[in-house]
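Number of protein chains: 2
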Amino acid sequence: MEYREAAALLLRQDDILILTHKRPDGDTIGCAVGLCQALREQGKTAWVLPNEDATSLFTPYLEGYLAPEDFAPAYVVAVDIAGRQLFTPAGEVYLERGIDLTIDHHPSQEYYAAETCLDAGRAACGELIYDLVRQWGPVSPRTALPLYVAVSTDTGCFMYSNTTPETHRVAAHLMETGIDFQTANKRHFRTKSLKRLKLESLIVETMDLHDGGAIAIAAISLADMARLAATERDAEDIAAFVGQMEGVHTSVTIRELEGGECKLSVRTDATLNATRVCALLGGGGHAAAAGCTVPGTVEEAKTAILAAIRKVQTDA
Amino acid sequence: MEYREAAALLLRQDDILILTHKRPDGDTIGCAVGLCQALREQGKTAWVLPNEDATSLFTPYLEGYLAPEDFAPAYVVAVDIAGRQLFTPAGEVYLERGIDLTIDHHPSQEYYAAETCLDAGRAACGELIYDLVRQWGPVSPRTALPLYVAVSTDTGCFMYSNTTPETHRVAAHLMETGIDFQTANKRHFRTKSLKRLKLESLIVETMDLHDGGAIAIAAISLADMARLAATERDAEDIAAFVGQMEGVHTSVTIRELEGGECKLSVRTDATLNATRVCALLGGGGHAAAAGCTVPGTVEEAKTAILAAIRKVQTDA
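Protein chains in written order, with the numbering used here: chain B, 470 to 785; chain Z, 470 to 785.
I should point out that these hints are in silico values taken from the structure, not numbers from a laboratory.
Careful: at least some of the hints might be erroneous.
[Said to hold, decoys possible] Mimicking PhoX-like on lysine-lysine, the simulated pairs with C-alpha atoms at most 20 Å apart in a straight line are:
| id | chain 1 | residue 1 | chain 2 | residue 2 |
| --- | --- | --- | --- | --- |
| 1 | Z | K732 | Z | K771 |
| 2 | Z | K661 | B | K667 |
| 3 | B | K771 | B | K732 |
| 4 | Z | K667 | B | K667 |
| 5 | Z | K667 | B | K664 |
| 6 | B | K667 | Z | K664 |
| 7 | B | K661 | Z | K667 |
| 8 | Z | K732 | B | K661 |
A quick note: this is a predicted structure, and the numbers were derived from the prediction, not measured.
Model the full structure from these sequences, guided by the hints.
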């Protein structure tokens, strides 16, 4: 179903509940809030299902949009949810009841809903929601701000390779409504917790460099996390931090897990295939970013992954 | 002079030399290379004057465009150069001879050239150059890539408050030519030298926090720089690093200088006026970002700036 049809379909509904995905990011939250606000401006009763995983980075956007417990929806919409396993526990209830419409941009969409509005060419689902809601008339700033958050966070503020000319055009339209994009950008791209900075500092001071700095192996132990009182939010996407180091072609980030295991994230450039490295340790992923989980201590994990890198280097 | 007029004027010239500003950034370099390439595509002889300050971050873009020593220009254009004191030593020779045209976006433009094409509403001078060169026909990828670098670097990859809807529209057009914007973005926004990371790490480990973390005072001594063998490029814009810390309202970055002085950069949010703080120590700047230079050691500078902050807090 095309977005114009989805826009027309939604106008015929009321008492609409909007669902976001597990471990929600800016795209799913921004889409849900933007769509909810736009529906309300069309005179609809619309709410977003509370998502227990939402971090403090995104909860402020949800204020005033979270469905009360006694809300009985007549129509259920999922946004940015590619598959069944990505529903939250509260969302699974509605998956069993049946999702009426899903709006998504993931090529891995599982078509679990009665109607699917999919455009896999979009960098962010927020782009698609923008095209949908503007079918109803001019987009208000209250609709535009969460959609800007959706688009900007899913593209690393227009930095990542998924960004398209259309992404920039949508951003231009959203900014023209007069939104405070500066505060949002500062919040999402130019703010780091002191604990996060201390984790990064720990990595810089303790990582192992091999081959003249072409290979960097960094580790964060459970003891490190405890000593810094760091949370998962502080450690989020820490693998990207190691990967940005100038001259590093292969970066490995090791996280010690409970139960005597370590989780490894491997980032490589064109000189090495990350999936082949991780496959040797039972993992997988993409050519430039892969992962695996291995038993043992951090030191054992370091030895194992370096051996795997050497093996793939030799075979190449 | 409007950019359409400037485009027509340039088409009537030949043997054109393009000048960039002192301590060149991505905007001035990107504008010069983009304009030079576009002029060549119009059959003109055009070169960029070598800039002795250009760092390795930008020199690759200049390859093939640097004027040979014996080039005798008939027409001289300055790009992104607001004032006379921003000419390089080599450029000053042409300032004396007379600049034929300046293309700029700074409101502080000094009108030193025979003709001025100024649009102070543009986030980057690269936006203006784009509008100018497309008057001559479709923009080629070789022209578009340096202009993308100009626009993206001057806006922090569309993150800073100077970004406008027009900035995004220009980026969309430039991307449509098929440029490798991913490699440029990785280079300019997602690469840090190990020395830079060690400087950041040093700041995190040694900065002083006051008022429950609302005030952060960081310092880099000459001994620190020497120990890490860090260069000015590694320390560039380090004040922004301290300013990104969550919960920090006032950040101070102290750089020890040769000769028993310290240079201080103060960043504040709306809770404190940075210029009033720095004015107490003989400096100045903007409400949210100001600076000053004080005699004495790093420790003396810390004491002096904290006293200045306390004085402005008390007066407020």
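Verification of the hints:
1. Z:K732 - Z:K771: holds (11 Å)
2. Z:K661 - B:K667: Status holds; Cα separation ~17 Å.
3. B:K771 - B:K732: The hint holds at about 11 Å.
4. Z:K667 - B:K667: Satisfied, since the Cα-Cα distance of roughly 12 Å is no more than 20 Å.
5. Z:K667 - B:K664: holds (17 Å)
6. B:K667 - Z:K664: The given pair, whose Cα atoms are some 17 Å apart, holds under the 20 Å limit.
7. B:K661 - Z:K667: Satisfied, since the Cα-Cα distance of roughly 17 Å is no more than 20 Å.
8. Z:K732 - B:K661: Roughly 25 Å between the alpha carbons, so the hint for Z:K732 and B:K661 is violated.
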